[in-house]
Amino acid sequence: MYRTLLYVEAGWSGCFVMGLELLGGRLLAPYFGSSIYVWGAIITVFMLALSVGYLLGGYWSRHDPSLRRLSALLLVAGACAAPIMLYGDALLDWLASHFGDPRAGSLSAAVLLFSVPTVVSGMVSPYAVRLLVADREGAGAVAGRLYFVSTFGSAAGTLLTSFYLVLYFEVNQILWAMVALSTALGAVGWGAVSRPRQESRL
Amino acid sequence: MRRAGTWPSPTLVLSLVRLLVVISAWGTAGAGAAASTAPARNAGALVLRHSERSLYRQVLVYEDSKSRCLCFTKLCAIGRQSCMDMTQPERLVFNYTRMMLGALFLNPEPHDVLIIGLGGGTLPRALARLLPQAQMDLVEIDPAVVRVAGDYFGFHASERLRVATEDGRAFVRRAERGGRHYDLIMLDAYDHQYIPEHLLTAEFLGEVRALLQPGGVLAANTFSSSRLYDNESVTYHKVFGEFYNLRGGNRVILTRLGGLPALAVVQGNAAHFAASFQPFGFAPTELLDLFSTRPDWNETARVLTDQYSPANLLNAR
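Protein chains in written order, with my numbering: chain A, 1 to 202; chain B, 1001 to 1317.
Keep in mind that the hints are not guaranteed to be accurate.
Coverage of chain B stretches by chain A, computed from C-beta distances (three or more under 8 Å per stretch; other residues unrestricted) [to be verified]:
1) 1097 to 1105
2) 1163 to 1169
3) 1190 to 1202
Source of the hints: derived by calculation from the structure; they are not laboratory data.
Just so you know, even glycine gets a beta-carbon here, dropped at the ideal spot from N, CA and C.
This is chain A alone, in the form it adopts within the complex (with noise of 0.2 Å):
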């Protein structure tokens, strides 16, 4: 149950990130359009957040991991998602009037609107090695398995968010339903009994 969640968690955070990536296009496009030039700062804002991300996660993980904080991660990712449907629309109207080339204006709309949420997203996986690696020589099992699992969840958020979820629903409809089954997941976890620290210990 234990290992089952920390997998579920990392799928999820997966599939997160790319659900609010396509998304993101997707509100950016009334006021930047969509040329190659946003798709790029788009797709360049979220490998970069990642990046950080797994950087910050895997320090974190060195202080006391526990379950509980883990899942803490998915309730801070899904509140930091919450201002983009409160105050994107205001946001990107500023930022379209005051940045006349696109690449610019799409640059600096997708590092506020979409970095924190990306970056506190992306520490899940390595946190997640840190509590299911047992011994060093199980380890990169395990972390193949979490990339499996998180990779797999961002194929299955691209691709049920673009074939499906927008031809039923209103963008920010399918945001918040992520919000929520973040904080869902997130509270689950937080509640979940943790497994003796010494279990999830080298």
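Once you have looked at the hints, place chain B on chain A.
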């Protein structure tokens, strides 16, 4: 665990997923030119004159014995974007370009014109000929298309024909902020392979509407089949009210700010163009039968908005 020796690489796997996304975005993000439904007549006789990979797509120029065409797919397999009759370069080869000129029957003397989607430059060339005093802004997302229109289709930018190489929506927003207005706006940015979804929403059409002078005319070459036809129709109707719906292969929507002119006025204006349409190879009165205001769509369909714009998914159904 002091250091996680496993770490160079979720980035690698994730970047592959992202690469797929960016590739599909390249293939599709914001088509710049509209196309004809007609497939190439005789693919075997086509000679490739030019081919280049642009930021968005493959830009190809093919020639057969009579005409030269701009295509975005090999041997024009998924239709031609623009064609020029080599013996009569002024002739309008596609029915949709003829229908687009029907906009002049709603307002015969537009001075400021905006065209979104350049293609081979057929429409601006025709309009420049008809309206020597007009000032035109042309918006095309793909710089390669602008070059090819110049090199192969006799389109040349000038003081009167200004080209902006950018996304149509970004241009419209800036024009709106700058207080610009147009007497005629033509939307020619959809094609049957891909519809730029942010150019088919009520919000975008509202921005376009805000750019029109009182009495200004909108002409849209649309490309919907199946389910999207309904959504597209209700979206245009919501923003512009009643419109003339011309169906002949493509569907062209013509509407006027401040109400449609009566059919008698349209007929009168059409007659006025009898002589000047001659080089284009058709009589303006041929279009009159197509002018219909009858809603032939499901009026309860969902309006497309910036929040709900699955135009391509709907078009595939």
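Now the hints, each set against the structure:
By the rule of at least three residues with a Cβ nearer than 8 Å to a Cβ of chain A, the coverage given for the segment 1097 to 1105 of chain B is violated, with 0 such residues. Remark: the segment 1163 to 1169 of chain B is confirmed as covered by chain A, as 4 of its residues place a Cβ nearer than 8 Å to a Cβ of that chain, reaching the required three. Judged by the Cβ-Cβ criterion of 8 Å, the segment 1190 to 1202 of chain B is covered by chain A as claimed, because 4 of its residues qualify and three suffice.
Violated hints amount to a single one, hint 1; each of the other numbered hints is respected by the structure.
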